[in-house]
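Trainee: Sequence:
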Amino acid sequence: MSILEDARALAESGPVCDACLGRAFAERSFGLTNAERGKSLRVAAALDDDEPYEAVDTEDCWVCEGACAEFDDWAERCAEAIEDVEVGTYQVGTRAPPLVEENELLLREGAGLPEDAGELFKSEFNREVGKRVGRLTGTEVDFTRPDVQFLLDIEADTVEAQLNSAFVYGRYRKLARDIPQTEWPCRECDGSGYKGKEPCDYCGGSGYLYEDSVEGFVAPVVTDVMDGVDAKFHGAGREDVDALMLGTGRPFVVEIMEPRRRTIDVEQLEGDINAMAEGEIEVEGLRLATYDMVERVKKLDASKEYRAAVEFDDDVTDEELRAALDELTGATIEQYTPHRVDHRRASITRTRHVYDATGDLEDARHATVEVHGEGGLYIKELVSGDEGRTNPSLAGILDTGAVVTALDVIAVEGEDEPFEDDEFFKG
1 MSILEDARAL
11 AESGPVCDAC
21 LGRAFAERSF
31 GLTNAERGKS
41 LRVAAALDDD
51 EPYEAVDTED
61 CWVCEGACAE
71 FDDWAERCAE
81 AIEDVEVGTY
91 QVGTRAPPLV
101 EENELLLREG
111 AGLPEDAGEL
121 FKSEFNREVG
131 KRVGRLTGTE
141 VDFTRPDVQF
151 LLDIEADTVE
161 AQLNSAFVYG
171 RYRKLARDIP
181 QTEWPCRECD
191 GSGYKGKEPC
201 DYCGGSGYLY
211 EDSVEGFVAP
221 VVTDVMDGVD
231 AKFHGAGRED
241 VDALMLGTGR
251 PFVVEIMEPR
261 RRTIDVEQLE
271 GDINAMAEGE
281 IEVEGLRLAT
291 YDMVERVKKL
301 DASKEYRAAV
311 EFDDDVTDEE
321 LRAALDELTG
331 ATIEQYTPHR
341 VDHRRASITR
351 TRHVYDATGD
361 LEDARHATVE
371 VHGEGGLYIK
381 ELVSGDEGRT
391 NPSLAGILDT
401 GAVVTALDVI
411 AVEGEDEPFE
421 DDEFFKG
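Counting from 1, one number per residue, gives the positions in the sequence shown under this note's numbering.
Keep in mind that the hints were calculated from the coordinates and are not lab data.
Do not rely on the hints blindly, as some may be mistaken.
Cross-link-like lysine-lysine pairs, in silico, BS3-like; alpha carbons within 27 Å at most [unchecked claim]: (1) 426 to 131; (2) 426 to 298; (3) 131 to 39; (4) 426 to 299; (5) 39 to 122; (6) 232 to 298; (7) 426 to 232; (8) 299 to 380; (9) 380 to 298; (10) 232 to 299.
Note that the structure is predicted; figures quoted are calculated from it, not measured.
Using the sequences plus the hints, can you model the full thing?
Mentor: Put into structure tokens, the structure is as follows:
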């Protein structure tokens, strides 16, 4: 059958609006709306048959039941839903009424067309409402991860505006010990602060094992500035609670849920965070980032550099220390899950590499050791041997007990490429 014969067959089923008629031929030609296709076919059929042209009011359409006349109304409702919200990109999704979806199938079936001829009602609704939303709000459509996702439920007559997260990247330095990276809920009261009706003795009723955290200094400030409802802190690994994070700092991303502001002064934000932290931690290099930066921070292979204060059980000479560190340089280390983390880590043997190890004695029983190693290398156990669980180790090579008394992380950098890549930043 010709396209005009198909159009006649569709129109004969009853009052079919131009959009529903044209939608069955959505793959034909470009630069036309389905309503323009439908009207053109209706006019062409009338000319071909030498019959009067008869328009169909959209409100009378048995297929969409008038819904295709409501694109403007739905777009205005979307714009109103984000009236006080800052967004730059959007996407529209539609939940079509089951009856309309059934009518679409019946329309094509009655005309002898394939079920998937043209496009779906909801596809047209998404596009037509979306174009209008863009014009009303001055925003751009984004089919990957928009700032706001609209869901139109036609049958329920509702518009849901889902604000997607915003992301701020930076690096932090932890300048005081005994501060965890993220908030650490008390395990005795599950973070509630109470055991029954009484304050929890273990955490003093705070609900947390530590009063401060890097997350606690950073996330609330970013949440407030971006007017969000909550935040998640994503770090490129984490240092021990009792370790400092110095040097170039550790990469992190703060994810802000449902932000109402997205354009912020990151330099001012950086200053606000550092002022709030009062020297406990500091951040630098804050930038607005994309969603993909979260995965990059968490999964990019990174090496770490450490500085450790080490205490020995027996006297050690300069030559012995130098020889032991030379032996560790370039070594492949096998580490069975350390005792101190075996309650939260799988019991397996991990293989990691030491890239470089240097150090100096302070006296016969004390040294400062610096290690550059592969991510995931347990430095405290590299020194102590962890009762034979780590091999080789500094203690094992020197044949004396050794323990880390203070640990500083001085660099966290990508193995093959830097964390900072313009592809993952906005603006």
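Trainee: Go through the numbered hints given earlier and state which of them the structure violates, listing their numbers in rising order.
Mentor: none
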